[in-house]
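Enquirer: Construct the complete structure from the given sequences, taking the supplied hints into account.
There are 2 protein chains.
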Amino acid sequence: MLRLSFMVGGRNMSEALVIFTPSGKRGRVPLGTPVLTAARQLGVDLDSVCGGRGICSKCQVSPGLGEFAKHGVTVAPDALSAWNAVEQRYKDKRGMLDGRRLGCQARIMGDVVIDVPPESQLHRQVVRKAASARRIAMDPATRLFFVEVAQPDMHEPSGDLERLADALRDQWQVDPLIAGPHALRKLQPALRKGNWGVSVAVYRDHTGGPWRLLDIWPGLYEGGLYGLAIDLGSTTIAAHLTDLTDGRVIAAGGIMNPQIRFGEDLMSRVSYAMMNPGGDTEMTATVRQALDALTHSVSVEAGIDPSLILEVVVVCNPVMHHLFLGIDPVELGQAPFALATSSSLALPARDLGLTTINPEARLYTLPCIAGHVGADAAAVALSEAPHLSDDLVLVVDVGTNAEILLGNCDRVLACSSPTGPAFEGAQISSGQRAAPGAIERLEIDPETKEPRFKVIGCDLWSDDPGFAEATEKLGVTGICGSGIIEAVAEMRMAGIVDGAGLIGGAEQTGTARCIPEGRTHAYLIHDATAQGGPRITVTQGDIRAIQLAKSALYAGARLLMDELGVDRVDRVVLAGAFGAHISSKHAMVLGMIPDCHLDKVSSAGNAAGTGARLALCNIAARAGIEREVKRIHKVETAIEPRFQEHFVNASAMPHAIDPFPELAKIVTLPQVSHNTGGGEGAGRRRRAR
Amino acid sequence: MLRLSFMVGGRNMSEALVIFTPSGKRGRVPLGTPVLTAARQLGVDLDSVCGGRGICSKCQVSPGLGEFAKHGVTVAPDALSAWNAVEQRYKDKRGMLDGRRLGCQARIMGDVVIDVPPESQLHRQVVRKAASARRIAMDPATRLFFVEVAQPDMHEPSGDLERLADALRDQWQVDPLIAGPHALRKLQPALRKGNWGVSVAVYRDHTGGPWRLLDIWPGLYEGGLYGLAIDLGSTTIAAHLTDLTDGRVIAAGGIMNPQIRFGEDLMSRVSYAMMNPGGDTEMTATVRQALDALTHSVSVEAGIDPSLILEVVVVCNPVMHHLFLGIDPVELGQAPFALATSSSLALPARDLGLTTINPEARLYTLPCIAGHVGADAAAVALSEAPHLSDDLVLVVDVGTNAEILLGNCDRVLACSSPTGPAFEGAQISSGQRAAPGAIERLEIDPETKEPRFKVIGCDLWSDDPGFAEATEKLGVTGICGSGIIEAVAEMRMAGIVDGAGLIGGAEQTGTARCIPEGRTHAYLIHDATAQGGPRITVTQGDIRAIQLAKSALYAGARLLMDELGVDRVDRVVLAGAFGAHISSKHAMVLGMIPDCHLDKVSSAGNAAGTGARLALCNIAARAGIEREVKRIHKVETAIEPRFQEHFVNASAMPHAIDPFPELAKIVTLPQVSHNTGGGEGAGRRRRAR
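Chain order of the listed sequences is A and B.
According to this note's numbering, the first sequence holds residues 64 to 752 in order.
According to this note's numbering, the second sequence holds residues 64 to 752 in order.
Each hint should be verified, as a subset may be incorrect.
Since the list can't tell identical chains apart, any single copy or any two copies may satisfy a pair.
The list that follows gives simulated cross-link-like pairs (lysine-lysine, DSBU-like), each with its CA atoms no further than 30 Å apart [unchecked claim]:
1) Lys88 to Lys154
2) Lys648 to Lys512
3) Lys693 to Lys256
4) Lys512 to Lys536
5) Lys536 to Lys154
6) Lys256 to Lys663
7) Lys256 to Lys154
8) Lys648 to Lys697
9) Lys156 to Lys249
In case anyone wonders, no lab produced these hints; they're calculated from the structure.
Just so you know, these numbers come straight off a predicted model, no measurement behind them.
Expert: Okay, structure coming up:
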């Protein structure tokens, strides 16, 4: 082929300058180079599934004619080749924004600035809803490619898989390729139906190794590929069904962990396994069935075929980790609390009882940090990244065990504290999982002692007009974790509960909502018994459960602070699988967390679940957290005498936090008359330290 | 540590010369070096499972005092350190041959010659029973190692698996290690029961990659590790349970392929899959269940726990390959006969329905050569190695399809020929699988026309004294593949059958054993109806089935000879899953194979099964055959007009093979009177070509 080339003013006139935005990457390419090719040569993040065949439209670009001045480039009107028939066909069939071009069709004919819109970036970033400003950059382990495969030749026999592997190597640098029986089964019909053009979903571990064929479709596949991020807690299981191409959560669901019937907290489940031969396998089967059912129901909710779920990421504490994997957790119940394995695992999801999703789907578990500090803590570390913080940050992820991280870019410590399931609404008389109908917010008027609340599934407060009608179908069914924290803190602030945690009677508190219950009192929030509904109260037992839980949480945090030799932290991040984000104010009123400026306390929602999603969407995140957990210093609460000491000293509920005027403004603290002062004293002791 | 070193006559007197036999490897090592350490440094093949801890005794050696003259080395009586307490304890407990030492205990104190007996060689060679002199050098993918693992430390938490991986890396250079859920489940109890000393079975693919933990035992495991070599034929399935440490076959078993009910030959099974939606999955389930049951029964026969089976190698034709893997074989029924995959596969055995063996067991299938030339042909190539032959060798492996290889070290051709199941005793009126009670050898007296025979399970001939008693329990139940070949050939030689394949009546043949059956005749071999047993005959239909089968076989061989442009081969190897080795004489009388000197025709038994065993015992064999199959030139019989031509011309049964006087001596050929000469003519035409 003859190619003419001439120089004008020191420039090679057979080449053109191309600048891509927003990356700013630039370079000179031969005239006639397709934009997609130029993008690849210059390392610009421009997506393509069909490999430049003009059928997938993932490589849409906007010639940035308006940008030239900024970049000092003169863009001629004919800097790109003319709109062509392939583009017109695509636009007629599926529509395309005016001004857009297909990067594989438009050829560079002169100096040009080309904008890659976010949806055309393969590694596009997804804004998280959470307070933290970090984003998820998409780089999943599972990728979709369109390839054209050579047809079989009887005289040079070779397998269809081998020709597919050749095509993937030549067209996408995907090499080598392996396949399991389920994918192999679909291979031959797909190739023939697609007339030797197929879309394949292939997976590669972040540790390298071969690419694995997960699924195959005839022609260009335009449906979705999904992953499931699972936060497998002792009490609740949450699943986020996530689009693997753009990171969107398309459905979320949760259920109670059915293992609760073997014991409410982890140690009672370990005991069950020790006392009952086969008890661990029974618990394994139970949790796997629950996950399988949850997977199915989330798929139904999203309206997708569950076989399109190709990846699962699971985070959980060490006991759940072992029980889910089918390992007897007995060693986790006694010193030295040895994990069977602390590494991350990449396994066939099918081997762990996930039968409704794609039979070739892969499952990844984050690494565990120590015998009591699990993959859930690793996920929180991934989500909240204390190791990247300049400030000294305390991250508490509240569940049946609280995962607690303290540190900054110099050093990170971690421990786990057995708070029990009260913060998840379990072991609470009117408690329930965070689900529609559950009270998730609550306020008590300090004057009238009357409550108002919000339930999950309704945006109105209970004293707003129309609340009764709006919740007629939902009902008001109980109190979830965030609701009980607010309820107890509000009761304390309204003087219904004293510093030692005792609920006053009607004559002490001045409200008929304080009703006798046995030898103690309960506070009535909502009574729907006349309509056949529940009567929702906070009992003295509920207050005790919350006191135990918050003391454990506080003690764990203090232990890490002792270990680091600090008496204050710069900021606090509260996370957990609550109904709503936990309220900083109420957490501090309860004494869940050490003293800190209130505006330095933030809520991160379900940080473990977010960590699972990060790992699902980005393989570099997997590699990163695997490195990081090795650097985290673990503190074992179970054998640390100071933990008990902190725990005992932390049971009271503070009434004012002197160093912080912004809190004092919020907290008004009438004393109930039966308060003996012991609880207050404990509170003072703690604050004075 | 201070080390004294001085030189005498140019030699460093702190070192000694050690020579290992039979390898002849030699070198100088520091005085005090254990023999095992010296062996490793010099690359001598000396086994050890316990890594030099004096507990496994695998490293036994014989100080070769008698050898010194030959090697010119003066061996002092104290060339090895004194017999020590560890050796004495081992000898007392388990016994050890006099003169033997433990290589890990005996230290080299002076120049010495050390013999490594065969049983102490890790890659010891196993003599095969087959005629071929090649041996199997043991080098299995699965290995056993004893390791001492560091105990957990609460203050530096790490998983038990991670510490096991560290130990395997440091003590055995096994790195990296991965583990599935079933092995992980056994890890913690084994480590504690073994007081942190465990034996592990680990597997590594011949393509490299990580080591996989398959199983684990507390302390030094002294039981067996087993593999299963499976020849999965269209009609019969044969399994050889093999000791992975020494290659011994400890049990063998076979069953009929239950897929026969979907069609006797491969093409009828492909048709079944095409005509019946879900038919392929039905056949897949059937064959997997059969393999699972066979695996179990072979384990019972050997008296081993099936969970000790850690590896399975499967060889089969392409249709069985696809059906076993769960792939619809429909593409194999039509040109261009595209395989879903032609590569070897390494998969979890559990994923293919093998549920009774170790849940972490691995399964390897040999590569397929072409759409009609499968992993069974690859196994025959591995076993008989035509590519290493200087002679031009024709290898025929007779089954329901015959796998045919022709070539030498320059070039190898392969094809498959649809012989039908007659050679396996199926579609034969009194036919049966090669099992106890089946007639496997048969002779007919040319004068009296009386038969004598042997059955599987009894060493006596039927006319030997005591035969009736010896077979009373067995019974004489039918004729297996090798028996029917001998029966038809003997009938031809005794003049009971003419050259066209017609059985004469009693008046023509002069024996009352030729009995009328419909419009044709049958030859009576054995009548046990009086005792309630079967009446075993060879019918005219049986002769026709054998004629069709042998014509197909012959035509396939001729096709390859045409392709190579030769009219003669130097030698012929006959293989197949017969009852006994196929008789060269009878095969040639039948015209199964092209003319060849009778002493150049040998029997190789079940060559495909042997190839499977080779692949099971030696990972280099897997790599080797994967390379080799890519070089084999494939010839497609189904689309080759000359195949039909050869087939039609080959139906007659020759009566004398002139060029070979040694055959003429054997074959006496009285003509039966109804012979019209047509068959003879065909036979002559064929030979004259």
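Enquirer: The structure should be examined with respect to each hint, and the outcome stated for every one.
Expert: Each hint, compared with the structure:
{"no.": "1", "hint": "Lys88 to Lys154", "in the structure": "within (28 Å within a copy, 75 Å between copies)"}
{"no.": "2", "hint": "Lys648 to Lys512", "in the structure": "within (19 Å within a copy, 108 Å between copies)"}
{"no.": "3", "hint": "Lys693 to Lys256", "in the structure": "between (49 Å within a copy, 28 Å between copies)"}
{"no.": "4", "hint": "Lys512 to Lys536", "in the structure": "within (28 Å within a copy, 96 Å between copies)"}
{"no.": "5", "hint": "Lys536 to Lys154", "in the structure": "neither (45 Å within a copy, 82 Å between copies)"}
{"no.": "6", "hint": "Lys256 to Lys663", "in the structure": "neither (59 Å within a copy, 51 Å between copies)"}
{"no.": "7", "hint": "Lys256 to Lys154", "in the structure": "within (25 Å within a copy, 69 Å between copies)"}
{"no.": "8", "hint": "Lys648 to Lys697", "in the structure": "within (29 Å within a copy, 78 Å between copies)"}
{"no.": "9", "hint": "Lys156 to Lys249", "in the structure": "within (29 Å within a copy, 58 Å between copies)"}
Checked against the numbered hints listed earlier, the structure breaks hints 5, 6; every other hint is satisfied.
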